[in-house]
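Residue numbers (this note's numbering), protein chains in the order written: chain A, 34 to 368; chain B, 172 to 477.
Note that these hints are calculated values from the structure, not bench results.
Examples of chain A residues toward chain B, derived with CB under 10 Å:
1) 52
2) 182
3) 330
Model, not experiment: these values are computed from the prediction.
Ideal Cβ placement from N, Cα and C applies to all residues, glycine included.
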Amino acid sequence: MKRYILKRLLSIAITLIGLSIVVFAVSRIAPGDPAKLAAGPDATEEMVQVIRKEFRLDQPLVIQYVSYMRGLLKGNFGRSIRTRHQVWEDIKLFLPATFELVFVSISFAIIFGILFGVLSAVYRDTWIDHSARFFSVTGVAIPMFWLGIMLQLLLAARFHLFPIGGRLDTMINSPISITRFFLVDGLITGNWVVFKNALSHIILPAFVLSFPALASITRINRAEMLEVLHKDFVLNEKAQGISERLIIAKYALKNALIPTLTMIGLRYGWMLGGTILVETVFDWPGIGYYAVAAAVYSDFQPVMAVTVILGLNFMLANLLVDMGYGFLDPRVRYE
Amino acid sequence: MNSTNPTNPINSTWTRWKRERESQIRSLKLTVYTLSRSPLSVIGFCFVLVFLVIALIGPWIITYPGDIKGAIHMDQKLRPPSPSHPFGTDEVGRDIYSRVIIGTGLSLQIGLIIIFVAMGIGVPLGIIAGYFGGWVNEFIMRITDIFLSIPGLLLALAIVGALGPGIKNAMLALSIVWWPGYVRLVQGKTLSLREESFVEAAKSIGASKLRIVFNHILPNCTSPIIVKASMDMGMAILFAANLGFIGVGAQPPIPEWGAMISTGRNYLPDHWWMATFPGLAILITVLGFNLLGDGLRDVLDPQSRI
Numbered sequence: 034m035k036r037y038i039l040k041r042l043l044s045i046a047i048t049l050i051g052l053s054i055v056v057f058a059v060s061r062i063a064p065g066d067p068a069k070l071a072a073g074p075d076a077t078e079e080m081v082q083v084i085r086k087e088f089r090l091d092q093p094l095v096i097q098y099v100s101y102m103r104g105l106l107k108g109n110f111g112r113s114i115r116t117r118h119q120v121w122e123d124i125k126l127f128l129p130a131t132f133e134l135v136f137v138s139i140s141f142a143i144i145f146g147i148l149f150g151v152l153s154a155v156y157r158d159t160w161i162d163h164s165a166r167f168f169s170v171t172g173v174a175i176p177m178f179w180l181g182i183m184l185q186l187l188l189a190a191r192f193h194l195f196p197i198g199g200r201l202d203t204m205i206n207s208p209i210s211i212t213r214f215f216l217v218d219g220l221i222t223g224n225w226v227v228f229k230n231a232l233s234h235i236i237l238p239a240f241v242l243s244f245p246a247l248a249s250i251t252r253i254n255r256a257e258m259l260e261v262l263h264k265d266f267v268l269n270e271k272a273q274g275i276s277e278r279l280i281i282a283k284y285a286l287k288n289a290l291i292p293t294l295t296m297i298g299l300r301y302g303w304m305l306g307g308t309i310l311v312e313t314v315f316d317w318p319g320i321g322y323y324a325v326a327a328a329v330y331s332d333f334q335p336v337m338a339v340t341v342i343l344g345l346n347f348m349l350a351n352l353l354v355d356m357g358y359g360f361l362d363p364r365v366r367y368e
Numbered sequence: 172m173n174s175t176n177p178t179n180p181i182n183s184t185w186t187r188w189k190r191e192r193e194s195q196i197r198s199l200k201l202t203v204y205t206l207s208r209s210p211l212s213v214i215g216f217c218f219v220l221v222f223l224v225i226a227l228i229g230p231w232i233i234t235y236p237g238d239i240k241g242a243i244h245m246d247q248k249l250r251p252p253s254p255s256h257p258f259g260t261d262e263v264g265r266d267i268y269s270r271v272i273i274g275t276g277l278s279l280q281i282g283l284i285i286i287f288v289a290m291g292i293g294v295p296l297g298i299i300a301g302y303f304g305g306w307v308n309e310f311i312m313r314i315t316d317i318f319l320s321i322p323g324l325l326l327a328l329a330i331v332g333a334l335g336p337g338i339k340n341a342m343l344a345l346s347i348v349w350w351p352g353y354v355r356l357v358q359g360k361t362l363s364l365r366e367e368s369f370v371e372a373a374k375s376i377g378a379s380k381l382r383i384v385f386n387h388i389l390p391n392c393t394s395p396i397i398v399k400a401s402m403d404m405g406m407a408i409l410f411a412a413n414l415g416f417i418g419v420g421a422q423p424p425i426p427e428w429g430a431m432i433s434t435g436r437n438y439l440p441d442h443w444w445m446a447t448f449p450g451l452a453i454l455i456t457v458l459g460f461n462l463l464g465d466g467l468r469d470v471l472d473p474q475s476r477i
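This is chain B alone, in the form it adopts within the complex:
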C-alpha cells in the first residue's frame, strides 16, 4: 500500500530508481527466468549458493574451532566418521568436518583474489590491444600468446617453484597464469565493438577515447566477462587445490582442501575419510560454478561456444 504513496520520500526515490532502471530490471528478470528453466543451471546455482553461505557462516557452524589452527588431540586421531566427528578425524585428531567447512571460506577467497587480479591485468590490456590496434595490439597479443603456449598448471608450478611454496605465492602464480585468457576475450570483443555504429557515432560527435571505452566498450564486454569469471571461479579453486596437493600451495596445517587430500593420501587405504571429504567439497564447488557459468553463458552470451 505504501509503495504507491507518492508522498513518502523513500518510496518516491525507489519508484524513480525503478523507472530509470526499467530496462535493466526487465533483462535481469529475463535472465533469472531463463536460468530457472534449465534444471542444470538451477542445480549449479544451488551448489554455488550453498558454497557461499557455508563460506560466510563457516566460523559459526564448526564444532572444533581450535582444530583450524592446528590443535593436536592424539587420543582422537584417525577416528572414522561418527556423530561427534561427521567426517572423521585426521592424523593428529583434528575434526575433518570443521576443517572442510573453514576450507570453503578459504577457497572462496582464493578464487576471488585470483579472478580479480587476473581481470585487473587482463581486461585493461585487452581493451588497449583491441581498441588501439596496430603495433600495440601486436605486442600485447604476442606476449599473451607466449603465456597461453605453456600448460597453465606447469607455469604455475614453475612460478611457485621460484617464489617458494605457500598459499600467497600459489595465488600470485595462478593470477599470472589466468590473465591472458581475459586479454584474449576482451581484445576479441573490443575489436568487433570498435566497428559498431554506436561507437562510430560517439566518435563522430567528439567523444573522448576514455569516454568511449568506459561508456560504450566496457559495458558491452561485461556479459562475456561475467560468464568467464563464473566458469573460472571453479577452475581457479581447482587449480589452487592442485598446487596444494602437489605440496607447493597451501601448507599444512592450513585447512586447504588440496593440502588436506595430500596429507590424507598417506593414510590410505585404511583411513579413507581423510582424502574423501575434501575431494567431494572440491567436486561440488567446481561443478556448481561450471553449471552456473554454463547457464549464464546460454543466457548472456549465446554466440560463444567453447
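So that you can see chain A by itself, here it is in the shape it has in the complex:
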C-alpha cells in the first residue's frame, strides 16, 4: 500500500511537470505582447522595455520556463502583470473560499446522490423513482450558471429567502481566522451570527455547484443498486433472514458504491471547473472568480497558478478515489 501511494505520488509529480509545461506553453502562444498590455495604451517604448525586463519576457522561452519552474518549487507563482500582486498571496486569500464551497458541494452531492440512488432503486417504478430519474437526466443538462441566476431571481430577489451573493453580509465582520472556512470558524469560536450568516450565503452556490454531480451520482448509484439487488448473494442473505434494511444499507450498497466512487472522482473534477461559473454568478470570492477576472485581461500568471493548483487537487482526489476502492472491496490489490 505504501509502495503504491509512493508510486502514484511520483506519477502525479511527473504529470504535474507536464501540466506546468502545457500551461506555460499556452501562456506563451498569446498573439499580443503581454508587456505592452501591462504597460497600458499610452506607455512609451522604454516603459514597455522595463516591464519586459522585470517579467523576464526578453529571455528565451526555455530560460523563462526554467525560472518559472524554479519559482513553482518554492511556492512562488510569479506576479500578476496587471495588479503587480504576488499571485501566491492572492491565492492564499481566495483559496479557502473555494475549498469551503467545493467541500460543502461535494459532500452534499455524495450524501444525497447515494441516498436518492438507493431510494430510487428500492422503490423502482414508483413516483420516487420517476422523479429521481427525471432529475438525474435534467440535472446534467442544465447550464449551471443559468440555474444559479434563476435561483437568485426566484429565491433571493423575489422571496428573500437567501442573500444574492457573497460569503458574508457586509455588516458582519469575518470570524477570527483559524481554518479560514467561515462555517467552521464560526462554529468553533461559538460565533453563531457568523455561522448562520455564512450558512445562508453558502446554500445557494453550493446547491448549484453540486447539481450536475448530484444528478450523475444518483443516476449511477441507482443503476448499480438495481444490478446488485438481483445478485445471488442478496437472495442468499434474504433467505438467511437478514433484514431488508440491513441488506440494502450495508451489503448491497457497499457493492454498488464502487462504480459510484468512480463517478464521484470524475464529477469532482467537473466541480472544480464549475467553480469558475458559480463563483462568477454568486460573487463568491474564490479562485475561480479570481481566474476569470485575470483571464478577461489576459493577465496570465494568476490563470496559470489556478490551473496548476486545481489540477493538482484533482489528481490528489483521484488518488483518494483509487484508495477508496480498496476500502470498499478487499479484493482490490495495489501494486
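Given the coordinates of chain A, work out where chain B should sit on it, guided by the hints.
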C-alpha cells in the same frame, strides 16, 4: 409496382444496393426499433430534431432579421414578452425570440466544429497508440493524461485567456480540451480489437497495417464514437455557452446563448425574460443530445456504462 420491375435501370441499381447492404439495413432497423421503444430516447430524438430544423430554417422564421447584427431600437427596449416579441426585447430593443432562433444555428456550428476537430485529433492518435503500443502508446497516453488532469473548463479558460476572448478562440480552446477523451476511448477499443481473431487473420494473410486499421479497426470503433459524439455535442454547446457567459467566448452582439444570458443577468430581477429564454434553449438542446446519446449507447454500445 415499379419497384419490382427489373427492366427499370434506376430501380435495379436500387435493389442491388439494397441487397448488398441488407445486413446494415437490418441493423439500422433494429436500432431505430429499439430506440423507439424507449420513451426518453424518443423525447431526446424529438428535441434534437427540433433543434436541427430550427438551426437550418432559422433565418426564414425570425421576425426581426436586423436584430441579429446589432440593430438598435431604443424606443422598444426591455419590453416584456408580447405577441410581437414572444420572448420580449433586450436592453437596446432587439427581439430576443429572433436572437435565440439564430443562436440555435450558431450553437449547431459550434458543437459540430468542436466535435469534428476533437475527433480529427483524438481518433488517429487513439488508433496509433492502441495499435502500435510500446513507447508510442506510453508517450501519447501520458500527454492525454496531462490534459485530462486539468478540469476542462479551467483549461479552456486558460487557453482563451491566452488567445484573447472571442468565439473562434473559444471553439479552438474547447477542441483542445475535448480531444483527449477520444484518444482514451479509441485507444482502449483498439487495444481490445487488436487481439480479435479477425485482425489476426487479416494480419496472417498479409494485410497491410493501413488496411487493417481502415477495414477492421476503424469500422468497429464507429459505434462508441457515435455515442460519445452525440453526448459530447450537447456538452460542447454547454461549454461554449459557459465561456460566453463568463465573457471570454462569443462577444455581444453575437446572438450566442451564453453571452445573451450574461448580458441579461445585469437586468435582473425586473427584466427576467432576457436571461430566461436563452437558458431554456440551452437546457432543451443539451437534454436532447444527452437523451439521444443515452439511447444510442444502450443500443450500439451496451457494454460501456459511464
